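Join the two chains into one complex using the hints; note that each chain is given alone, in its own frame.
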Amino acid sequence: MQERPASERVRDFQEVPLGFTPEQALAEAKRCIQCKKPLCVKGCPVEIDIPAFIKLVAEGKFADAAQKIKETNGLPAICGRVCPQEEQCELECILGIKGEPIAIGTLERFVADWERENRESKIENRESKIGGKRVAVVGSGPAGLTCAGDLARLGYQVTLFESLHVTGGVLTYGIPEFRLPKAVVNLEVEYVKSLGVEVKTDMLIGNVHTVQDLLKDHQAVFIGSGAGLPKFMKIPGENLDGVYSANEYLFRINMMKAWQFPDQLTPVKVGKRVAVVGGGNVAMDAARVSLRLGAEEVVILYRRTQDEMPARKEEIGRAIEEGIIFKILTLPLKYEADDKGWVKTALCQQMKLGEPDSSGRRRPVPVEGKMFNIAVDTVVVAIGNSPNPLIPHRTPELKTEKWGGVIITPEGETSIKGVYAGGDIVRGAATVISAMGDGKLAAKSIHKIISA
Amino acid sequence: MPKILKKEKLNDNVSRIVVGAPHIAAAARPGNFIVVIPKENAERIPLTIADADTAKGTISIIFQIVGATTKVLDSLKEGDELAHLLGPLGVPSHIKNYGTCVIIGGGVGIAEIYPVVKALKAAGNKVITIIGARCKDLLIYAEELGAQSSELRITTDDGSCGRKGFVSDELKDIIASGEKVDYVMAVGPVPMMKVVCDVTREHKIKTMVSLNPIMLDATGMCGVCRVTVGGKTRFACVEGPEFDGHEVDFYGLSDRLKPYKDMEKVAHDHVCKMLQGTSD
Ligand SMILES: Cc1cc2nc3c(=O)[nH]c(=O)nc-3n(C[C@H](O)[C@H](O)[C@H](O)COP(=O)(O)OP(=O)(O)OC[C@H]3O[C@@H](n4cnc5c(N)ncnc54)[C@H](O)[C@@H]3O)c2cc1C
Ligand code: FES
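Quick note, the sequences are listed as chains H and D, same order. Taking this note's numbering, the leading residue of the first sequence gets 842, the next gets one more, and so forth. Taking this note's numbering, the leading residue of the second sequence gets 24, the next gets one more, and so forth.
This is chain D alone, in the form it adopts within the complex (with noise of 0.2 Å):
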């Protein structure tokens, strides 16, 4: 079973892991992700490769505490072993020279583009990172994305780091100094990949964005998270996670999104029991 090698807190709500995993290692690309299982009776949850080490056989991946089964992911400690873990998953980023990138990452969508960042730069890009959080503490990669991006640039919604405001509102000032951007993409919440879709379509700028619906199995069996993108249905876990953000129906994406929020919270509760239970 694959072992967590190292595990660190990029702050309270955020945590990172490097597993052994060494033929997903091999095969993981940018934009790759995996399924996690981190003990035998949690949900199976898809969370995006952040970084993956072919020589050492590692990867790492970058997880949020949102619900229960991220909870039990948390509580395991370094030396621990995840119950499964399946991957790589999904289609990778389509890597190549662009010319201008724009790279967006929103909340712990932060950690998902650094893969991308980085391929990107190596592929002789000019890579303008914008990352954004609600504040400062919540802002996490920021010295690693800056070592990879020709720029970086931050903003918090309460001004603690950055500047005071949205992601958008930088790429906004971005296009409207006379840069001319050739590749957008963005990862995070929905309403800030849709209002950078906005942005872009006005200005006619490729822009793809990583979708994180519901998943199940995320081998293309299930549909559950199926996404329309282009008024045809989709299933995000083999077609995607990537898609045309120009084309994606980000509403119906929210909609699919909130089915089980009731239950996550009795889940979350009954874990937190759990582990009560099982530390001294």
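Isolated chain H, as found in the complex (with noise of 0.2 Å):
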């Protein structure tokens, strides 16, 4: 797939890689084989019928491509361009033992493209076999709208209630333009909406309804509230002026728009030398979105190496493509501040790779006596987010595990009755594709256990 420049990209907002054309799209699908016991199936998280969906677009059936992928995915055009592919259906492709595997992931992004640009506004068909059935869902990121979306067609009345002003949880507020554009996610939000799913934004669950409210008024709730609580390193300076969470970081720029500032009202301060502080997607996200806010030098501080980065391969590909430095083995001590309070130097820690620990990646350890500063005007968290507390904590009942993940049963459902929960409120910070099978997956046991 062909990607703009990174001297080109750099600059501005837009999006990175390119997006096959119908050509290259058709000659990708020829490349399949077909497989009889299809691997990369058992790849998917969601279990998209991929070989059939393949063959469509060979057969240059772009809309009835689409219509398969939709049987089981309702948000391709967002997997398409975030799923990590190259850890999911890519790495089990048979192709790939020997050559390239066949490009799944952007073969979903063209017929999910291809169709939204040549959509017909058809009103879908739904029934309604449920008579009068309601379910709350609160959360409006992947979790929340597929799990409303899975509903709606099946029949319910569902209610939809978002705390922030706009849609789509991470998919807005944390993935930037360039990698989502959020026209894109806009599009499958207003899809959800024509299903008749009614979206409340501004309205914090647990402050304005209780969960237990929501159960008054309908007959199931779906938590998908996301792990949206940013973790610190609890580090001396760490509160100075100049030092953001990554949460903060992202979202006063993707969601209040503060590249536009003033004509968007809400400012950001990206200063001359960044350092983000983590090696996950979210760390690629926030280093990249600083060099395009015009940062000199931004630099990764990360405590391993760059093979046990969790981010992306692609997108760390890109970023070193973009000339974020990478400074591995490195841990942030303390940050110490200029004479107005403001961020000037991180004493950092130089690391090595010891024992390999509990997940088998090995361990960092210090470098005795290695320290050394590095000097910066902003740092940007990024080590990872836990669990929304808010719904836990306004209700008792719901149990949770001691790191914050509400605990569910296999079909999804909650300490508490008729009260279900998925996507990263369960998992931590996980990914799209998951938190929407577990949407998916609740979907399916509130139908079953209310159509019993």
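Hint data in this document are derived by calculation from the structure and do not stem from the laboratory. Bear in mind the structure is a predicted one, so any value in this text is a computation, not a measurement. Be aware that one or more of the hints could be misleading.
In silico SDA-like links for lysine to any residue, alpha-carbon gap of 25 Å or less [said to hold, decoys possible]:
(1) H:K1075 x D:Y274
(2) H:K1057 x D:A49
(3) H:K1185 x D:D285
(4) H:K1110 x H:F854
(5) D:K62 x H:P1017
(6) H:K1041 x D:E63
(7) H:K1110 x D:T251
The following block contains the structure:
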């Protein structure tokens, strides 16, 4: 797939990969050998019938291919862009053993984009056999959107509550425009609305209505409130001006469009020398956003090595191409301020890899006595997010793990009867596709219980 | 979208609006706040719910015009709609019968204590209210608070109304007079809250303060509102805004209020230009 050159793209927020042309898509689809027992499907958390949709692409039946994907995945334009296919479907592709696996993600994106551009606005046929059964869905990220969409298609009256003023969850406030255009997200939300889902923004569940309140006038509740609680390292200087959580930084930029200040009134201060702490997708996004907002030098500080970074390989590659500096085996110990209280240096500890830990990754250990300063004027802490504690706090009956994840049964039900949960609120910060899978499962379970 | 039903100027810089928002009015408790985005391009700003009327389904908000977004908010008229309104937010004040309470408001903080004074009085407390401002013209809500309090005391920096001096002077006098004070709450500028806490610490009087750090989402997702309380980092939007004043790191709090001052000026000028452009 073609990409815009790094020198051009670092100056704007437009999308980086260009996607397939119809000719390219046809050619790629024809490479698929249509395995009898397709392994790629097993690699997909929502088990899209991959060979079937690729076959339709190869035959030029793009609309049918889109329909095929939508049987199991309501948000293909999003998944085609942000799923870690290299660890899922494409990892399993037989062609990958000897050469390049089929570019399943790029084909998915192509089909979804094609369908979007050529979509006929047809009203979905949702004849209600359910008869006025109401379900409340909390959170409009991929988990909530999927659960709401699936239930609406089954004929339920679904109300989706979102605390922020815009829908989409991380898809809107976290993942930047150049990786996932907001127009794509909006269209998917519009699609879910077209199925009859009533979307109520500016509604913080737990405060304005409790979960128990919702149970009074709904047959079931789904909680998809995400992992929005930013982690800090609890090191000295972390509260200095110029030190942001990745959530704050990305929220200002993506959600509040601070890059268009002052036409948009929310400010953000991106310095000349930005340090981003962490090695996941969030860290890559924060780093690449900084470049686009005029930072001269952006370094990623990561305590292990590039091999252990949890970010998608593709995005790590793009970050390097764009000129992000990777300072691996580096752990910040403390931040110091200038005389105005603004962050000025990061004191860092040199690390090395030691014995493997419980996760199988080699544990980073300090190299005795090796410390150094890095000059910075902006620090973005991107070391992870925990499940959003607000609903558990306000819902004492809701059982959670010690680390905050809401506990569910294999059917997706929580410790409260009729209340289901899924996505990052259950798993901790995970992936878009796993959140969607959870939303689907909960919709299925809710339908089974209610229609029984 | 929530509509502005009523708007009045309390003084040159402070306005009060009454907004139709039945779901917020029904759930609001004293000490709760809202986030408002007056127009789509504006910031998310937190403002205390100064009063809630469940029967009418309305809430009142009192705000000082300090920056670009409050300027935009103030440009809206009766009948206009707010782009977004979210609430109630935060943990409500702990209302119970403490005995004698001294509730202190400074500047626009005066409006914020109104629902607390009302509720504490209803809970059977003797409520002595102290309000202070730079001068008489900046005093707001004196009448309303007078009606709700057991006693109302006023201070101004220039002596143009009530006692010449600070709210903390009045507090010291009350304590010195032998009045047994069981509970103090202070809302206002950071230096004022700090001084009040210094006074009450000596006398070991439980003191709550309502903090006003910068906020963004105000739902616990960004951490910009973090304050150090008792050595621990707390998110004021979901764990506060009220905290035990004797444990708050006020220096850290005032440092974290500064970072955008220069940009706020740019935004403010930009808004003034836009508003001029749109008015006839
Ligand atoms: C910067 C960034 C980059 C990422 N990149 C990728 C990637 O490339 N690929 C990938 O697969 N994954 C990626 N992820 C992870 C992925 O986005 C998440 O796993 C996924 O969005 C989780 O979906 P969710 O629906 O569970 O929660 P979210 O998307 O977090 O949505 C939760 C929603 O619930 C709302 N909410 C919370 N509390 C309440 C309440 N009390 N009442 C009402 N509403 C509430 C929130 O405002 C939010 O809108 C990334 C995450 C981030 C932060
Ligand atoms: S304002 Fe974002 S966490 Fe409090």
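H:K1057 and D:A49 were given as a pair; does the straight-line alpha-carbon distance stay at or below 25 Å? holds (16 Å)
Could you grab the alpha-carbon distance between H:K1110 and D:T251 and see if it respects the 25 Å cut-off? holds (23 Å)
Is the Cα-Cα distance between H:K1075 and D:Y274 25 Å or less? Answer holds: H:K1075 to D:Y274 is near 18 Å, not above 25 Å.
Is H:K1185 within 25 Å of D:D285, Cα to Cα? With Cα atoms ~19 Å apart, H:K1185 and D:D285 stay inside 25 Å; holds.
Would the hint linking D:K62 and H:P1017 be met if the CA-CA limit is 25 Å? holds (23 Å)
Is the hinted pair H:K1041 and D:E63 satisfied, with a Cα-Cα distance of at most 25 Å? This hinted pair holds, its Cα atoms lying about 17 Å apart.
Regarding the pair H:K1110 and H:F854, is the alpha-carbon distance no greater than 25 Å? holds (17 Å)
Figure legend: structure checked against the earlier numbered hints; every hint is met.
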